[in-house]
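Enquirer: Protein chains in written order, with our numbering: chain D, 1 to 342; chain U, 343 to 591.
Hints listed in this document are in silico derivations from the structure and should not be mistaken for laboratory results. Each residue gets a CB set at the ideal place from its N, CA and C atoms; glycine is no exception. Treat the hints loosely; a few may be bogus.
Said to hold, decoys possible - Some but not every residue of chain U turned toward chain D, in silico, with C-beta under 10 Å: (1) Leu-380; (2) Ser-382; (3) Ser-384; (4) Val-435; (5) Leu-475; (6) Val-482; (7) Leu-485; (8) Ile-553; (9) Ser-557; (10) Gln-559; (11) Gln-560; (12) Ala-561; (13) Gly-562.
These are the residues of each chain, in order.
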Amino acid sequence: LVFTEEDKYGLYSNLLFKYFLAEGVVCGHDLFVASAKEHPDNILKELPAPLLDDTHGKELGDEAAAVKSGDVQDSMKIAWRYQNLPKMEASPTTYTKFGHYYDISKKMSPELCESIKWHSFYLHEELSSQPEMKTCKMNSGYARLLQSIQRIISQEGFDGSDPQKKQRNVLRIGIQSLGSILWGDDICCSDTPEDTHSLTKFLYVLRGLLRKSLSACIITVPAHLIQNKAIMERVTNLSDVVVGLESFIGSERETNPLYKDYHGLVHVHQIPRLNSLICDVSDTKDLAFRLKRKLFTIERLHLPPDLSDTVSRASKQDLAGSAKLLSSGCGAMAIGKKHLDF
Amino acid sequence: QGKFTLLRDTRTDGSFLVHHFLSFYLRAGCKVCFVALLQSFSHYSIVAQKLGVSLAAAKERGQLVFLEGLKSCLDLLFGEEEQPGQPSPLQFVSGSSSELRALFDFVRVSLAPHGSDSWKGPVLLVDDLGVLLSLGASPVAVLDFIHYCRVCVCCQLKGNIVVLVHSNEDSEDEENELVVNSLCHHSNLILWAEGLATGFCKDVHGQIKIIKRLSLQQAGEQDVVQIYQYKIQERNVTFFARGLSAAVL
């Protein structure tokens with residue numbers, strides 16, 4: 001269960017969302033897209049086109065080798081987290097590299113989209129039908145969504161209930177902007193929401209559904225709007241992966257010369273710890289993303305060389321203080337002049 | 343016998359302690375009731391196998407009663423109508439009552455001694471208590487549940503209870519902090535796993551504070567606090583005194 005905290009304007013989290021879905025199309029997985037904001041049909045039309053030719057792959061390789069060989073590895077490492085999501089013991093992928101590359105300046109061709117089976121859930125259309133779910137004291141939008149997901153899982157046999165089906169496929173579920181007012185939940189507008197438990201109950205049941213079937217899910221949430229931080233803590237506990245995107249648009253960091261190469265930061269709050277005592281904690285904790293013309297990349301945050309006389313100590317400290325290091329094994333980073341993990 | 347152990351973690355994951363206690367008690371021949379709210383059976387099973395215990399076999403011979411919270415919740419919401427004699431332990435989620443009575447009854451029935459049993463003392467293991475709060479139980483209901491369990495398991499059956507909770511110094515989750523603080527006061531032993539204060543380190547995953555609450559047993563006694571650091575490996579966790587990690591020596 002991948003939980004993504006949206007950046008303020010939702011631009012970059014939307015991109016991640018689309019990447020997840022596009023990867024599903026290219027791998028031949030089934031898709032389930034739910035949204036209260038945009039109609040899923042429109043979301044699917046906007047998926048980036050995959051880069052299937054080798055020439056571009058080689059170009060990418062050359063560029064990476066010239067700049068910093070670590071970067072390409074890092075971005076695959078991050079993509080690997082997303083690839084590794086099927087909850088049942090999934091057979092290991094036979095690809096030599098994890099995932100695919102996409103060109104965001106081009107849209108995915110309709111034929112490719114149609115090659116897979118996809119299901120959609122658009123809240124405003126679903127509201128008219130009757131719910132059959134038992135009363136659960138949960139927000140009705142969430143309840144319907146759960147019911148819809150459960151129905152697809154059992155009908156299409158993702159939970160292994162149909163022994164006849166030889167080809168087992170993976171279901172990728174994408175839920176956009178959960179928790180926003182459009183879903184009928186007021187946790188994003190008020191400090192003392194009416195029902196603080198709807199979102200967490202929803203996540204718990206969703207987690208159960210994912211564990212029981214061959215599916216993986218990405219959820220984006222406008223976390224910056226949720227006033228009640230207790231909910232965010234509980235949500236973090238209930239998710240396998242929690243990633244926060246912080247974009248620099250409109251903040252003072254946009255003009256900070258240290259961040260000039262990047263468009264935002266990636267905060268990894270939680271990584272999965274499944275089927276094992278330990279988790280694979282990567283060496284680097286400071287990640288930033290940038291949106292190039294064709295690619296969205298996530299890289300290790302590195303300071304540019306300190307060539308100028310005017311770069312002051314204060315801004316460096318600021319950088320250190322703002323990089324949050326939350327992982328399974330560390331406490332809060334010691335605030336100080338030393339950059340411990342750079 | 344009759345002890346309440348609290349597993350607590352702050353800014354790190356203390357679930358390795360749960361896996362340890364599970365395999366420890368099973369190997370010791372105790373009857374274990376495991377209320378596993380956060381992960382699926384297969385997750386615990388795979389880790390237990392690495393630690394040398396088979397959960398499926400333990401279940402088969404009646405030594406382990408496993409409540410898989412995720413599955414139970416799904417059955418409650420999407421399953422057929424429940425049989426009258428077998429109420430779902432997680433009934434409170436569907437809102438019929440906000441008490442955890444059904445969950446307590448489940449625990450009580452699972453650990454009740456049968457004539458043919460030859461197990462040593464009963465053990466209740468919970469992973470993790472905070473999930474009950476997320477599912478809508480009030481903190482008072484959770485504390486009541488623990489209290490009833492203590493009376494039944496620790497006092498009447500002379501068994502042990504081990505519970506995992508998460509906490510955080512600057513947490514804004516007041517309900518959770520209330521439950522955690524209250525449990526701390528009533529525990530005989532607290533194992534507190536924390537991340538290192540200096541930040542992330544590859545070789546030392548965290549530190550563990552072991553607090554033996556002798557002050558509960560005898561007035562005037564001080565609690566004994568021991569601090570070790572640990573590193574988690576694939577099949578094992580190594581503990582060492584502070585500053586003496588293998589990477590340093």
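Enquirer: All the hints need checking, so say for each whether the structure fits it.
Expert: Against the structure, the hints come out as follows:
1. With 10 Å as the threshold, the beta carbon of Leu-380(U) comes within range of chain D, its nearest partner Cβ sitting at about 8 Å, so the hint holds.
2. Below 10 Å, beta-carbon pairs count as interface contacts, and Ser-382(U) has one with chain D at about 4 Å; its hint therefore holds.
3. Annotation: Ser-384(U) was flagged as interfacial toward chain D, and the flag holds, the nearest CB pair being 7 Å apart, inside 10 Å.
4. Using the Cβ-Cβ criterion of 10 Å, the hint placing Val-435(U) at the interface with chain D is satisfied: the shortest such distance is roughly 7 Å.
5. Given the 10 Å rule on beta carbons, the hint for Leu-475(U) holds: about 7 Å separates it from the nearest Cβ of chain D.
6. Evaluation of the Val-482(U) hint against chain D yields a violated restraint, the C-beta minimum of about 15 Å exceeding 10 Å.
7. For Leu-485(U), the suggested interface contact is broken, since its CB lies about 18 Å from the closest CB of chain D, more than 10 Å.
8. Among the interface hints, the one on Ile-553(U) is violated; its C-beta lies about 18 Å from the nearest C-beta in chain D, farther than the 10 Å criterion.
9. Hint on Ser-557(U) is violated. Least Cβ distance to chain D is approximately 27 Å, over the 10 Å limit.
10. The criterion of a C-beta within 10 Å of any C-beta in chain D is not met by Gln-559(U), whose closest approach is roughly 32 Å, and the hint is violated.
11. Using the Cβ-Cβ criterion of 10 Å, the hint placing Gln-560(U) at the interface with chain D is not satisfied: the shortest such distance is roughly 34 Å.
12. Residue-level restraint check for Ala-561(U) is violated (minimum Cβ-Cβ distance to chain D is 35 Å; threshold 10 Å).
13. Among the interface hints, the one on Gly-562(U) is violated; its C-beta lies about 34 Å from the nearest C-beta in chain D, farther than the 10 Å criterion.
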